[in-house]
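There are 4 protein chains.
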Amino acid sequence: MKIGLITSGGDAPGMNACVRAVVRSAAQNGLEVIGFIRGYEGILDKDYTVLKNENVAQIIQRGGTILKTARSKRFYEREQRSLAAENLRSLGVDSLIAIGGDGTFTGADLLQKEHGFKVVGVPGTIDNDLFGTDYTIGYDTAINTVVEAVDKIRDTALSHDRIFVVEVMGRDAGFIALRSGLAVGAEAILVPETKTDMGRVLKRLEGRRKSKQSAIVVVAEGDEFGGAEDVAKAIREKYTDREVKVTKLGHIQRGGNPSAMDRVLAGFLGVGAVEAVVKGVSGVMVGMQHKNIVHVPLKNAIKHHQDVDDNLLRITEMLSV
Amino acid sequence: MKIGLITSGGDAPGMNACVRAVVRSAAQNGLEVIGFIRGYEGILDKDYTVLKNENVAQIIQRGGTILKTARSKRFYEREQRSLAAENLRSLGVDSLIAIGGDGTFTGADLLQKEHGFKVVGVPGTIDNDLFGTDYTIGYDTAINTVVEAVDKIRDTALSHDRIFVVEVMGRDAGFIALRSGLAVGAEAILVPETKTDMGRVLKRLEGRRKSKQSAIVVVAEGDEFGGAEDVAKAIREKYTDREVKVTKLGHIQRGGNPSAMDRVLAGFLGVGAVEAVVKGVSGVMVGMQHKNIVHVPLKNAIKHHQDVDDNLLRITEMLSV
Amino acid sequence: MKIGLITSGGDAPGMNACVRAVVRSAAQNGLEVIGFIRGYEGILDKDYTVLKNENVAQIIQRGGTILKTARSKRFYEREQRSLAAENLRSLGVDSLIAIGGDGTFTGADLLQKEHGFKVVGVPGTIDNDLFGTDYTIGYDTAINTVVEAVDKIRDTALSHDRIFVVEVMGRDAGFIALRSGLAVGAEAILVPETKTDMGRVLKRLEGRRKSKQSAIVVVAEGDEFGGAEDVAKAIREKYTDREVKVTKLGHIQRGGNPSAMDRVLAGFLGVGAVEAVVKGVSGVMVGMQHKNIVHVPLKNAIKHHQDVDDNLLRITEMLSV
Amino acid sequence: MKIGLITSGGDAPGMNACVRAVVRSAAQNGLEVIGFIRGYEGILDKDYTVLKNENVAQIIQRGGTILKTARSKRFYEREQRSLAAENLRSLGVDSLIAIGGDGTFTGADLLQKEHGFKVVGVPGTIDNDLFGTDYTIGYDTAINTVVEAVDKIRDTALSHDRIFVVEVMGRDAGFIALRSGLAVGAEAILVPETKTDMGRVLKRLEGRRKSKQSAIVVVAEGDEFGGAEDVAKAIREKYTDREVKVTKLGHIQRGGNPSAMDRVLAGFLGVGAVEAVVKGVSGVMVGMQHKNIVHVPLKNAIKHHQDVDDNLLRITEMLSV
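From first to last, the protein sequence lines are chains G, E, Y and L. Counting with numbering that gives the first Met the number 0, you get residues 0 to 320 for the letters of the first sequence. Counting with numbering that gives the first Met the number 0, you get residues 0 to 320 for the letters of the second sequence. Counting with numbering that gives the first Met the number 0, you get residues 0 to 320 for the letters of the third sequence. Counting with numbering that gives the first Met the number 0, you get residues 0 to 320 for the letters of the fourth sequence.
Derived from the structure by calculation, the hints contain no laboratory data. Be aware that a few hints might be false.
Copies of the same chain look alike in the list, so a pair counts if it fits in one copy or across any two.
As the list claims (entries may be wrong) - Derived lysine-lysine pairs resembling DSS-like cross-links, with alpha carbons at most 27 Å apart: (1) K232 <-> K302; (2) K232 <-> K51; (3) K194 <-> K290; (4) K72 <-> K278; (5) K244 <-> K202.
Please read these numbers as outputs of a predicted model, since none were measured by experiment.
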């Protein structure tokens, strides 16, 4: 029994820790692991490497992924997936562990349905936008990266009495914006999930002018009002006497050494994925719910985006007054 | 209605974020907050400061506690607690929010029982050794501090092919050792909760000599086999050809800017504590269980130490092979 | 004898450490220090605070400046400077220590010439673009911030085989770009001081495609070819098969806890500035050259921008092959 | 012409950046580089690897050394050095670049004298205790590591009003203690180069009790008064009412990603070492003095330890009041 392993989609800190966990627990279960390079592309190109314990030494602390990753457009095509199935079979691989997000799981689900492979997904994305797991691998690190960056920006904001609008990742979801905004003590947080009331944001900033001159506004890139530039423009129009600056944190949010929590989570889910394969479970994502490893059908993980935690919204609102 | 607020016992990163959350949510509820300096000592000495929103600006990211903290021996005496009660009443304070651990909660519980104060505890300790909350404020930061330190040590261990024995905090509990050990990929982790089988540890180190020369052993200071020096001695006796080095991480584990997770947790629990006071709840610790704020009787939080998560033990064991 | 103290222009990490050093060494010399808020604005508005040793405790490690800072347009006007002189005299201040860059020193020089104040400048700017000092306060921290950010970006670049164009601060000077580019091992570094040969940059990237897929290009914002977007566009046009991403690091470069080197430099220059005042020296910037504190006429510090170190250019060129 | 390359003695952050610089600039000069593993041990054991550009990709940011390092006792023996010479010749190696400190240079010097090899030393040690270079590779990173650690300890010290005695590396020299002590604003700094007057230290701590309760004392491990434990004991005896805690930073000071400055220095010196070899220079250490690459006879670099900078001592004394 051989397991194929890929990391796919956007890279996330902790993917390497998860690769290590898969390889080590597979070895303990007497299973061989074949790592394909650049996600589904590596399966299509038969670009792979056999992964043994020694190949995953000293990677637990590294950002990115030693298996490299890609968003494979080819894999959207049915005939390409047939080629993938053929390639996997020719290598003796009968099950696939896929670390990634939405697109990765969609591909895995099709591979299972069309060609009968056992597939297990592991949530690896900084966006935390999968249903059925409390956290995705990479999310905690990304939040910490944002928090450290905004702590630095706060120094400058305070020294100059400026308003900073900071744009963070999140095209469809405000998970990064909400938690990091709460953690930095932002005066306002704008997320796609709730309708932005710019009048209210402006009022809040007005209210803060007396006690504290500077302010931080955190905006998810996908907020329906617009990005950081649009928000800054709206603030500048109202408060013409104030300096309003924009910072888009961009790709630093994806990198960096994984946080302790992401490494632990990666360990749990990597082991959980191998155990699922051993048990013959297929078509699921392994996730963490509270302290338990759970199995969630891939299509559920994908289709139902996580709702924003109401408690988080409420407390964020209360503390950003 | 006035709330007294203390931070007490060992300081923990995130205490300031929690003080901020208490003050801000109290203000929204029309409550005044009086912060006592150095925990119970400040109540006994009438050393306090009125805390308003402006007093807690720019502290969310700071380690330590602006209210200072102490382990008050005086407060163990019944007559001193009577004095404390008198002092609190003279200031119009009728409820107390106490951020800390075991000792802090014991004191709060007695204050309630003996003098009828409403008391609410908030778990603030790097040790994570309270029952009824998934995490305590400061724990995640401490783990990350350990992980960053051991990542550095690993550089040296690798370059010199050395065995390092790293001692981390945990007199009675292995929470810090276990999670950080898993996160750094330690070859062995020794905790007070399980009987250390040194023969097995040595065998594991032996096994690793072929594929990887260096090794990291993480030891909780309270492990029943002994501290890092004892463990190093045992290893040196067996492997006389190897350099075995000891590092005790010590007090750096208590400090530093709080992690994102600790700041978010501090926000939830600070708001939760004020809401408990408003609702008239008393004699409880507010904790987080999964995504919910819960109330746990103080005596339960104290008496039943958290058990080590079996999943964590199992996975740690598996991945440190 | 009273010393006025300002931080002015863009904030820089280490300004607080320098404020502390000025206040402490002034106290030892029996001098009183009056800190004006927001640079020259505070002098014009008589917004100030008396600074004693206890006011500068616990600030050595903080980014930004407790005195706040601004770019004062009013101070460009001769009559406003007369008002400033009047305000300073009414407070008994007869000398001014000004921590900042170009604009700050220009203002100080005029104050001296027009009104006879003793003025001493301290180089505090992340840009390192002053003549007569090896380094300016804040430069080393900014470089380290860039390096840590690009290390994270490299994780992602490697995982996706991408080319990243990273824009760093430097409107007129490539000091930040050159040193940080060398430190991250950038494949190309574009600075205003040298004419950018895009054909050569493209050739270099081409050359690297065989051995290493990803690449980092560091661009100073003021490069005459254009900013990061322009550079990325030129690369995309040539290598249509490659993903080329842009990250502008922006304001995170100004903040953060100062590096050890910046704190030490701030200590030397703060003490040096007070000693200059005590000796009656005026119209100079105190700078570090090798291990010596030197005095450079303000107009020289301003007028002659530092040349880029030829050795640095040569070695950067050699190692980015 | 083939160059042998070793890293030897205690590892230091930036050694990898220097290995990269040597390999890349050698390649540009048409020279082959043979990297021996574990310093002189690798030469004796003929344990080596040919280093090409691709072998040094992605190491500029890594702590430790990919060539591994050791303190070779065998190499002290003349006949072993003859074996080394024979091994080098059999591989066609006629010159050696040795990155390390005292012991490393002593060995290189003997190899040159006894067997006529061209040898060039590169100062790579966190201790900064070599004569003829302003800084050694690794020193700046070590200082920053100490500073970050003490910043954390300061949080706890402040919160508990404690005195902390922090022991840093430096058996014979106080370079790390002095600069890091200045950078953290230590109340007292004890170094081997100056006679410790404990009465004066105690008086200084006494003086600070009024304005600030906590205090940080930085002690170089080799201070003639004793280590941190001895210093703490002396303080405890005098101030029985105060909590005095000890932290020995230990091996975290050796590891970690190199700072920007160490990477830049490593680049300069790596290129400089190859250029020295090309020019036929031998028996020297390449060092940086101000902004120039210089050649210092190996025996001078070793025999005359750097004196402590008087300016640094004076300013440290002034600011720790």
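To see whether the hints hold, each was checked on the structure:
| no. | hint | in the structure |
| --- | --- | --- |
| 1 | K232 <-> K302 | neither (35 Å within a copy, 36 Å between copies) |
| 2 | K232 <-> K51 | neither (54 Å within a copy, 32 Å between copies) |
| 3 | K194 <-> K290 | between (33 Å within a copy, 24 Å between copies) |
| 4 | K72 <-> K278 | neither (31 Å within a copy, 54 Å between copies) |
| 5 | K244 <-> K202 | within (18 Å within a copy, 36 Å between copies) |
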